[in-house]
Every structure is written in C-alpha cells, then in structure tokens.
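Take the given structure of chain A and dock chain B to it, following the hints.
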Amino acid sequence: MTDVNPERQVSAGRVFEAGRQAFWLAAPFVLIALAWQAASAFFPPFLFPSLIDVFGRVLDILTTWSQFSSVLATAMRILGGLAGAFVLGAIFGLTIYNFRIADRLLTPTLIFFQGIPALSWVVFAIIWFHGVEFRILFIMIMTTLPAFTFQVVGALRGMNKDLAEMVMSFRPTRKKYFTAMVLPSVLPEIVTAWKVNLGNASRVVVVAELVGSSGGVGFELLQQQQLFDMAGALAWTLQLVFFVLLFQWILSQFERMAFRYRAVSERSS
Amino acid sequence: MTLAGKPLTGSDAASTRPEREVEIRFRNVTKTFGDLVAVRDLNLDIGKGELVALLGKTGCGKSTMFNMISGLMAPGSGEVQVMGKSPFRDFDWFRGKMAIVFQNDRLLPWRTAVDNVELGLEMMGLGKSERRERAMHWLEKLGLKGHENDYPHALSGGMRQRVSISRAFATDAELLLCDEPFSALDEMTSMRLRNEFASLVRENRKTAVFITHSIDEAFDIGDRIVVLKRPAEIALDLDMTGGVDQAERERIRATIHRTLSV
Numbered sequence: 012m013t014d015v016n017p018e019r020q021v022s023a024g025r026v027f028e029a030g031r032q033a034f035w036l037a038a039p040f041v042l043i044a045l046a047w048q049a050a051s052a053f054f055p056p057f058l059f060p061s062l063i064d065v066f067g068r069v070l071d072i073l074t075t076w077s078q079f080s081s082v083l084a085t086a087m088r089i090l091g092g093l094a095g096a097f098v099l100g101a102i103f104g105l106t107i108y109n110f111r112i113a114d115r116l117l118t119p120t121l122i123f124f125q126g127i128p129a130l131s132w133v134v135f136a137i138i139w140f141h142g143v144e145f146r147i148l149f150i151m152i153m154t155t156l157p158a159f160t161f162q163v164v165g166a167l168r169g170m171n172k173d174l175a176e177m178v179m180s181f182r183p184t185r186k187k188y189f190t191a192m193v194l195p196s197v198l199p200e201i202v203t204a205w206k207v208n209l210g211n212a213s214r215v216v217v218v219a220e221l222v223g224s225s226g227g228v229g230f231e232l233l234q235q236q237q238l239f240d241m242a243g244a245l246a247w248t249l250q251l252v253f254f255v256l257l258f259q260w261i262l263s264q265f266e267r268m269a270f271r272y273r274a275v276s277e278r279s280s
Numbered sequence: 017m018t019l020a021g022k023p024l025t026g027s028d029a030a031s032t033r034p035e036r037e038v039e040i041r042f043r044n045v046t047k048t049f050g051d052l053v054a055v056r057d058l059n060l061d062i063g064k065g066e067l068v069a070l071l072g073k074t075g076c077g078k079s080t081m082f083n084m085i086s087g088l089m090a091p092g093s094g095e096v097q098v099m100g101k102s103p104f105r106d107f108d109w110f111r112g113k114m115a116i117v118f119q120n121d122r123l124l125p126w127r128t129a130v131d132n133v134e135l136g137l138e139m140m141g142l143g144k145s146e147r148r149e150r151a152m153h154w155l156e157k158l159g160l161k162g163h164e165n166d167y168p169h170a171l172s173g174g175m176r177q178r179v180s181i182s183r184a185f186a187t188d189a190e191l192l193l194c195d196e197p198f199s200a201l202d203e204m205t206s207m208r209l210r211n212e213f214a215s216l217v218r219e220n221r222k223t224a225v226f227i228t229h230s231i232d233e234a235f236d237i238g239d240r241i242v243v244l245k246r247p248a249e250i251a252l253d254l255d256m257t258g259g260v261d262q263a264e265r266e267r268i269r270a271t272i273h274r275t276l277s278v
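Protein chains in written order, with my numbering: chain A, 12 to 280; chain B, 17 to 278.
Okay, the calculated beta carbon distance ranges per label pair:
id, chain 1, residue 1, chain 2, residue 2, range
1, A, Ala-94, B, Gly-162, 41 to 47 Å
2, B, Lys-101, A, Met-170, 24 to 30 Å
3, B, Arg-56, A, Met-170, 31 to 37 Å
Everything labelled a hint here was simulated from the structure, so no lab data went into it. Backbone N, C-alpha and C fix where the C-beta goes; we use that ideal spot for every residue, glycine too.
With the rest of the complex left out, here is chain B:
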C-alpha cells in the first residue's frame, strides 16, 4: 500500500516499488564513530529514476549516509550497494556515474566558472573541445552565460551554487547526490534554484538523493520523502508522486513534525 503521505516503514516502502530497478541499496547498515552511533541497522532501497529527499534533523546521520553512498566512507557493518557495486570498494568504477552537489559550492578558487564545470569531465578523460562545449551548455542552461570566465570570488552565492550544479549535471552522471545544496542561500534564491534543480533532474531522468533538514524543501523536491530519526533509522517513508493537496500536505507536515520532535 503506497498512498500519498501514508507513513510506511523502510522495508514496506521498498517492497511497494517492485517495478523500479534498485539503484541504491542499504542492507543492515550500521556506522559508528567511537561511542556515537550515526546509522543503526538501516535498510533502504532507492529505485532508478527516483528523486528522494532524505529529511532529518541536524546530526541524525544524513551526511554519514550520503558519504557512504558517495563512497567517501565505508559502512561499519552491513552493505551499501549502488548500481550493484560497492561505492567504497569499487571507487573508480563510479567515475562519471555519480556526481555530487555539496552544501557549499566547493568551487576551486583558481579556476574560472567554466573550468570548474569542466572538472568532472577532465576526470572522465574527455577532450578539451567536448569539455568546453558541455560546460558552456550547462552554464548557459543555468543562466550563467557571460560569466563563464569569472573566478568564483566574483560570483554571488546563488551563481556559485549554479556553477556547482552545472558541474554535477555536465558529467551526465546517472546518479546525483545533493547534500543540502541550497541551505546557505537566501529563501528566494533557494526556492528558485531547487525548483530549477528538480525540473532538471526530471527532464534528464536522473536518480537523485537530496539531503535536507527543511520540510518545505523536501516537499518541493522529493517524489519520495524518507524521514530519518536519530541515529539514521527510517521513521517515515512517504510517496509524494502525483503531488498532494494543501490539506494533505498539512497533515503530512504535522506527522513529520511529530516524528522529528520525538
């Protein structure tokens, strides 16, 4: 049973999406840092083409999950698989298959906007002209035409984050990971960028995992919202495809509030 806004457990949610090929799989994953349990016995499947918002309070283990998906961190126990492989062990295999938009833009200050966008393409070994063509296409698509030769310090926060989004999309990676990419921006810019981001993901048929601590952001972005309680355990798994009306949205919001405040 997967009704919009009906809370489901992680395993229930996974079992209700048999039609999708699984892109990301967490199986009994636990991760600790000393005495601190960041993730406890987590089971989660994310299907190909899904746009999932991982929602939770600060310190609930979202970023740990993110680092394990991206292969920057190994799980303590259990198994994390992305596209059927371990992102940590098979690190190089994911070159060009996964791109990340970080919380802060993380642009290399010694590179111009276009050179920053080309970074991932360089790592993939693409030729100069193809790199430039792709980078310019994405910069233009994100409204940065005319700023391609600007260094990051000359760009506003919103423009810098657009460059960072262009950098991720330019690689044409199958999987996009986003770690609260708009949280440092003002509300208006943040709203505009997340709408642009969501439509780009859908238009380009990407799988995207979007970490956020904002309920509104999760509503705006996610086709599915996974609410995490501390330490990263699934508290709610909400299917939002097809959209929900205002009343339903308020009901879900109240449920999420109640869950997160426990």
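Excised from the complex, chain A in its bound form:
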C-alpha cells in the first residue's frame, strides 16, 4: 500500500485543472492555426500565406516604431471614441432618466441614429468635416452613443428601488447618494457596455480609417489590399485583435476586483 501525501494530491489536482483549462482555452485557436497552415500548403501565398510569414510580419510591426505607432493611433482612436461616447451617453442617459421630455425627444432620435449604418456615418463625416481625427471621433461617437445611452438608462431604471429608498432614508446629499447608491448600482452594466462597445468600435474604426484616414490599422489594411499582401493584411488584423483582447482582459480584471462582493455558486462556477 502506498502512502500519498494529501497536500501533494491537492496541488497535483490543481495543476491538472489549470492544464485542462489552458488546453481548452488554446484548443480552438490551435485548430484554426492548423487549418490555416494546412491550407497554406495547397494554396498560393497571396491567398493563404504560411503562419510563419504572418508571425514574422506581426513581429515586424511590433518592433518597428513607424508601424507600431499606427497600431497605437488606432487604439487611441478606439479609446477616445469610446470615452467620448460614454461621457455623452452618461449625460444623455441621466437626462432621459430624470426628465420625461428628454426621454420623449432623445430616445426616438437615438433609435433613429442606431438604424444608420456605420459606413453612412463615414460618408457623412467625410462630407461634413475636414480634420481626419475629428472625422474618426465623430464616427466613433455616433456609432456607439445610442448603445451607451440606452445601457446607462437601463442601468438607472434597473436600480433596486428598495435599496435606493433605504439610502434616501439617511437623507444623503446628491453627491453622497450618487457615490453610495447610483454609481455602484450601475457600474456592472457600464462595464458590460464598454465590453460590448469595444468590439463594435474596433470594427467601426477600421472602416473609418480605411476610407478617411492616412494612418492607423484601417489605412494599413487598405495598403495591404492594394499590394495583394495577405500576410500583411492578417498581421495588421491580428494587431487589432490583440488590442481588443488586451483591453477586454483589463476590463475583466477590473470586474473581478470591483465586483468581488458577488456570490459565486459552486455549481455554476
């Protein structure tokens, strides 16, 4: 009969569990990469370039400042646009929540805006404005503003009325009511709104740069298309994907820290 140390058994179990999770996290990507690599053996490089070439280009972009600055420019445009849309969305949301007339006027307008395709906003921006950065900021705000506004309104309307009444019973000032009740109540939905809009914004910014900019990932993609350079197109696309993943990860870490009060069910975890 062998004597097994229970502590060692637990730690081995943890390592096994971490390995299993890592495997399933990587599995879909490995599968896609293998399929691509297999395709590259049968098709010409301008259709399916080898992944080695693609990663070479990715490294090249990351290590060459003139190219990497394009990635940063796009990232800044995404974050700037989202921040602008969020600030405006929060103001609109609070106004709609507090004033019925604002609800009647703004809500249908924003629903109407939501129906306008991103590409139309690109065309409008090019016709209306001269400055490239302002055009992109305008496009980003117009395409993400309705979603932010509606999410803020939804979060405010979904605030727990019993808790709000309890906080009110202590007669808080407006500022204290906001920090003690409103902000913590709406924060989870706001983080979700950022996560959802981040994906939308990264798609819109590429279109905006493709049509109306002389720099950024969208502009670089246009260059690759004109050169028929699939490896370059993939490498630039991956830069954007990396950025979105990185920012989603930052948001997840923030979520984990800010919402640690939430109960976790052992069955659903």
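Okay, now just chain B, sitting in the frame of chain A:
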C-alpha cells in the same frame, strides 16, 4: 384613564399622556391612492421615549403611515409632524435624527457588513475613524464580531438583519422606525432579535415605532400598542407599560382579534 389593556380611542390615549413631549403627531391625516383610502382622518400622538407597536392586518395602511413618518411620502391632507417639523418638507433636517430598520435587511451588496453599518454615518459627514469605531461597537454589541468584513451574501438572514439594526443604532438617531423587521426570519431568531431590539431601544432611551402584523410581536415589543383597522384608523390604543399578567394578556388578545376580524 389609562389602564393596562383598556381600549382607548386615539384622542383619549393622546390626552392621557400629557407628561411626555410629543415626538410624532398625526393631525387629521388622510392619504389616498386613486380610489383607495389608505389612511382616513388619522389623529395620533407618540411621545418622546415611547416604544409603540402599530398593529394591523396587511393592507391596513401601516406602511403608508410609516412612509409619512419617515418623510418618504407626503400626507394627502392633514399634517404629520415629527419633532415639530414636517418630515417630508424638512427632509434634510432629519439627517441623523431618524433611522429605519426595514422589513428586509436592505444591505448594500457591494459593501461589507461594517461598511453597511457606516452608511448612515457617512451621510452624517462623520470622519472615517469615528465611523469605523461606532460601526464596530454596534456590530460587536449585536454579536457580529469577526463578520465585519463579510459581504451580505455570506451572512445568514438573522445576521443580515442584525447588521441592519446596527446600521440604525449606529447613527444614534433619536427616533427609530421599524417596518416588520423580523417578519422574514424564523420564529426563534425573530423572538431573540426582537427581545434584543426592545432592550436596546430602552437602554438607549430612543423613541421607536414598530410596525407589525403579529400580536405576539406587539406584546413583546410595545410599551403601547396601537391597533389599526382598515383604512388606517385607530381601533384600539393600549398602554402596556408595567407589563400585564397572562390572564390580562389573553383578554387583550381576544379583544384585538375581535377588532381586527370586524
């Protein structure tokens, strides 16, 4: 005439307590919601330091009265005064002077137990160290030492309600309002907590209004029991100070039963 258990009308009861300074006053108060009359021409005085149980069946307007006392609702007509002021119009004046224990604990889920207790103190503008000291004192007094950093989801129903009681007492408010705070708990926990609550109120010389639909709870808590019939009108006003013997208690219980079943 104020004999233990003798039914009195609201105005009679008020007139028999001249020695107490009036803390809460209802004068000809009526409140309607559409066609529904929740409170009709109510007159009631509650003196400073009294522990009053407002007893009535569900839907008799107890919570409406409660909301008017707390200033969360304005009377339709008539006048509600607390400490000589209107709790609705002079809402901010009551900061730190009134605290509420609700039917459910209403703890903020994003705050730990101690942070929840500190909530009222934050609204009063107290400094961090004083807030923490007071909150810890009350948590300890209510048997929650060691749980101060737990989030509400990690506490049992009884513990959560204790946090909520600590939150109310920590403000050292002159007036405590309680809206059936133990009704969601099991009988044993409920009994233990209401006894603790009543002794804390007496020990700290607070005025307390305790809403309940349970006759036993009203007996356990109230120095005075005001029985309300629907819509909130005073049916009985019973002085229970000094306690009553078992036979008297049964007689009063029967009277309350008869009154409430009409």
